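Engineer: Chain by chain, the residues:
Protein chains: 2
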Amino acid sequence: MDHGLKETLLHSQPLVEGVLLKVYRDTVRLPDGRTAIREWIRHPGAAIAVPLFPDGSTILVRQFRYAVGKSFLEVPAGKLDHPEADPEETARRELAEETGYRAGKLTFLARFYPCIGYSNEVMYLYLAEELEPVVSHAEEDEFLEPVRLPWTEALDRIYRNEIEDMKSMLALLLVDRFLTIRNAP
Amino acid sequence: MDHGLKETLLHSQPLVEGVLLKVYRDTVRLPDGRTAIREWIRHPGAAIAVPLFPDGSTILVRQFRYAVGKSFLEVPAGKLDHPEADPEETARRELAEETGYRAGKLTFLARFYPCIGYSNEVMYLYLAEELEPVVSHAEEDEFLEPVRLPWTEALDRIYRNEIEDMKSMLALLLVDRFLTIRNAP
Chain H
1 MDHGLKETLL HSQPLVEGVL LKVYRDTVRL PDGRTAIREW IRHPGAAIAV PLFPDGSTIL
61 VRQFRYAVGK SFLEVPAGKL DHPEADPEET ARRELAEETG YRAGKLTFLA RFYPCIGYSN
121 EVMYLYLAEE LEPVVSHAEE DEFLEPVRLP WTEALDRIYR NEIEDMKSML ALLLVDRFLT
181 IRNAP
Chain Z
1 MDHGLKETLL HSQPLVEGVL LKVYRDTVRL PDGRTAIREW IRHPGAAIAV PLFPDGSTIL
61 VRQFRYAVGK SFLEVPAGKL DHPEADPEET ARRELAEETG YRAGKLTFLA RFYPCIGYSN
121 EVMYLYLAEE LEPVVSHAEE DEFLEPVRLP WTEALDRIYR NEIEDMKSML ALLLVDRFLT
181 IRNAP
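Protein chains in written order, with the numbering used here: chain H, 1 to 185; chain Z, 1 to 185.
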């Protein structure tokens, strides 16, 4: 399915073995035979859990994002421990850590790539229901403020562009469509 | 609006001055006084132009994305030349380069951040209308296949999760909502 567009690896050079980021500079062969440089980030992937309570509310988390230099209202999410880790288990863990709720039921909705220009990161989206409170264990270095709000308010914040985190915008819109279809008569 | 979550820079170390990627490792002070490491990518930003023809069709572009290792069907988009470049001008240029159409009318719809965990990249979304064919000038190293398709088919491909590029999924959904409201009686 690469439609004659595929680029093949000639040489790979690790640029950074960072605490958080692994960066590579690869030399590739283009479809027309020329060579080009591709620099990219190796990422283990991430999982998103959008909680939905019986009263129709959800929980978002406010978090300061250093790379951008401001705080964002986001859906609960977190990195996989390694590329082969179970996304569903990761979604369940991150939801508990960030919101203090355990999900009795997770529904997989979609897979998407946030940053295809320079990262292999993939995200798995789950709807989290049948929520029960647990003791929350926030990770080291994670400063989070959970914000419980009505579903329609979360959508309105997207449409007013007050929510600006791309994964959160897409996740809420995809969950909303799923709910619309599920609730249709 | 940082809600006591702000992290302040203590020391910044450039890790990579790459051909494409600029990577930094910063030491920051956390809200509780401890220090932490933040590695991040400096990016000039990007602009998206979703073309809409009077017959209700759009153009997506198929492109091989080396970082992920496969090709994606995407909305036309491209990087700003520098962080102060005009996003609207960038959207116009990328649309012409990637689809061969010039937009007589661009409507700004939203701003969002694709990768807040490790990049300062911001994306500006425009709806592109009043389209006129121009001679296409594909950039060096860009191998693109434009695909013209009905609007509803583009949406269906999102809902079937055949489109997996996050910016393209969100862009098409936000344009669709804008059109629904604009076309409402």
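Take the hints with a grain of salt, since some may be wrong.
The list treats identical chains as one, so a pair stands whether inside a single copy or across any two.
In silico BS3-like cross-links for lysine-lysine, where the CA-CA straight-line distance does not exceed 27 Å [as the list claims (entries may be wrong)]:
| id | residue 1 | residue 2 |
| --- | --- | --- |
| 1 | Lys22 | Lys105 |
| 2 | Lys70 | Lys6 |
| 3 | Lys70 | Lys105 |
| 4 | Lys22 | Lys6 |
| 5 | Lys6 | Lys105 |
| 6 | Lys70 | Lys22 |
Bear in mind the hints are in silico, worked out from the structure with no lab data behind them. Given the structure is predicted, the values throughout are model-derived calculations rather than measurements.
Engineer: Which of the listed hints are broken here?
Structural biologist: Failing hints, ascending: 1, 3 and 5.
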